[in-house]
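Chains as they are written, first to last, in numbering that gives the first Met the number 0: chain S, 0 to 123; chain H, 0 to 123; chain L, 0 to 123; chain F, 0 to 123.
FYI, nobody ran anything at the bench for these hints, they're computed from the structure.
Keep in mind that the hints are not guaranteed to be accurate.
Identical chains share a label here; the pair holds if one copy fits it or two copies do between them.
Restricting the straight-line Cα-Cα distance to at most 16 angstroms, the calculated cross-link-like pairs of lysine to aspartate or glutamate (EDC-like) are [said to hold, decoys possible]:
| id | residue 1 | residue 2 |
| --- | --- | --- |
| 1 | K61 | D84 |
| 2 | K80 | E38 |
| 3 | K61 | E79 |
| 4 | K80 | E40 |
| 5 | K61 | E50 |
| 6 | K61 | D51 |
| 7 | K61 | E38 |
Given next are the chains, with one letter for each unit.
There are 4 protein chains.
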Amino acid sequence: MSIGRTQWAIAEGYIPGWGHGPAPQMISHEAVCILNAGEAEANIEITIYYEDRDPAGPYRFKIAPRRSSHLRFNNFENPEKIPMDTPFSSVITSNVPIVVQHTRLDSRQSENALISTIAFPGNQ
Amino acid sequence: MSIGRTQWAIAEGYIPGWGHGPAPQMISHEAVCILNAGEAEANIEITIYYEDRDPAGPYRFKIAPRRSSHLRFNNFENPEKIPMDTPFSSVITSNVPIVVQHTRLDSRQSENALISTIAFPGNQ
Amino acid sequence: MSIGRTQWAIAEGYIPGWGHGPAPQMISHEAVCILNAGEAEANIEITIYYEDRDPAGPYRFKIAPRRSSHLRFNNFENPEKIPMDTPFSSVITSNVPIVVQHTRLDSRQSENALISTIAFPGNQ
Amino acid sequence: MSIGRTQWAIAEGYIPGWGHGPAPQMISHEAVCILNAGEAEANIEITIYYEDRDPAGPYRFKIAPRRSSHLRFNNFENPEKIPMDTPFSSVITSNVPIVVQHTRLDSRQSENALISTIAFPGNQ
Numbered sequence: 000m001s002i003g004r005t006q007w008a009i010a011e012g013y014i015p016g017w018g019h020g021p022a023p024q025m026i027s028h029e030a031v032c033i034l035n036a037g038e039a040e041a042n043i044e045i046t047i048y049y050e051d052r053d054p055a056g057p058y059r060f061k062i063a064p065r066r067s068s069h070l071r072f073n074n075f076e077n078p079e080k081i082p083m084d085t086p087f088s089s090v091i092t093s094n095v096p097i098v099v100q101h102t103r104l105d106s107r108q109s110e111n112a113l114i115s116t117i118a119f120p121g122n123q
Numbered sequence: 000m001s002i003g004r005t006q007w008a009i010a011e012g013y014i015p016g017w018g019h020g021p022a023p024q025m026i027s028h029e030a031v032c033i034l035n036a037g038e039a040e041a042n043i044e045i046t047i048y049y050e051d052r053d054p055a056g057p058y059r060f061k062i063a064p065r066r067s068s069h070l071r072f073n074n075f076e077n078p079e080k081i082p083m084d085t086p087f088s089s090v091i092t093s094n095v096p097i098v099v100q101h102t103r104l105d106s107r108q109s110e111n112a113l114i115s116t117i118a119f120p121g122n123q
Numbered sequence: 000m001s002i003g004r005t006q007w008a009i010a011e012g013y014i015p016g017w018g019h020g021p022a023p024q025m026i027s028h029e030a031v032c033i034l035n036a037g038e039a040e041a042n043i044e045i046t047i048y049y050e051d052r053d054p055a056g057p058y059r060f061k062i063a064p065r066r067s068s069h070l071r072f073n074n075f076e077n078p079e080k081i082p083m084d085t086p087f088s089s090v091i092t093s094n095v096p097i098v099v100q101h102t103r104l105d106s107r108q109s110e111n112a113l114i115s116t117i118a119f120p121g122n123q
Numbered sequence: 000m001s002i003g004r005t006q007w008a009i010a011e012g013y014i015p016g017w018g019h020g021p022a023p024q025m026i027s028h029e030a031v032c033i034l035n036a037g038e039a040e041a042n043i044e045i046t047i048y049y050e051d052r053d054p055a056g057p058y059r060f061k062i063a064p065r066r067s068s069h070l071r072f073n074n075f076e077n078p079e080k081i082p083m084d085t086p087f088s089s090v091i092t093s094n095v096p097i098v099v100q101h102t103r104l105d106s107r108q109s110e111n112a113l114i115s116t117i118a119f120p121g122n123q
């Protein structure tokens, strides 16, 4: 089955600067959920855009055919960490169609808050 | 009235591993809300994609004409249960146009958190 | 300025059965936010779809040119009230292009939870 | 890289009338997150639509090439402040393609609540 696009954008991005609750589920995190429903491996590149410096990346990931992947921006390491408490946006590209959704769990206060939205699909 | 598409995807999926509050309203749940606004019965098939195993499904549902259906992934039984505390994605297909929206109620902490987003509509 | 579509759907719909906090802001509510950015009055019709009965409506509203309107499903009266604690979906049509977004404030527990998503735009 | 549209709308808009928690992160706010992934400066105009008065604006912003910008409606000053506890909608236009997402942090009760959704992209 094939569904999706090869270019996506998430205009909102922010890793809360603190959190509490049992790890790893309740740690504050910013995630990008990606579905590769197709029959070929997806080669993903994610570029991070900041307010006052040049973009960082691309961060590279592979997703096997017919697999889901929930990536936490908190864990991005290469080429560099994404700073906490800093606004950013991201662009996600792939060699095959994928579907992208953005989710945040914010546990800075004693109860967690959640957001999620489908990302913006490009024309490709 | 006809509105919608016959193929949808939800990249985010996760059934919280615990919860509290009065049942059934406040039990942690992951739901897919489907509208069949048309004049024909909808035959729905849902496939679940995981991070590290082959997809499960299809889970089959019928929705009568001019009806809404709010399905909880928690309650999917056939061909198998969806494990809790496990990331997944889903693809929803129908023989007639439908509209699909994703909602989670997370009551793992003492106050509930909610997310909702329209699913991604395929080209069909 | 003209932006939007003349047909929209919201697959999720649910008026929480209780709530607490100061009225009117913190009363649990399910809302449809509509923008009429154009130069002509919008004649809106909203139909409510249920899980186990025929649809209700249309509920009719007028929105003046270049105006926003945040309608609470809780307050719909004619032709009938929408029951609380009951899943539904809605279809919103207009004679001129509008933009539609869905929001819920759920204050059933001591802290409020919020969801919001752009509605699904039809082809018209 | 180019992604986005030059016209967007957010039908929901509301600046909570109060809040609590450490500033500036936990102050109740309504934000529009904008990505300009292209190679040219973006000239942004935002118009605010109200329920019972003429629109206000345009509010003007510039976003440098390859930059993200998270703007808080709370901070809009020119031509006028946006009142708190008042429903509104917004239309965002740009001379170059951008991506727009809407986010609210509501800290009126002791724990914060969050919403986020991609805005509605116009045809341009």
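*Hint numbers contradicted by this structure*: 1, 2, 3, 4
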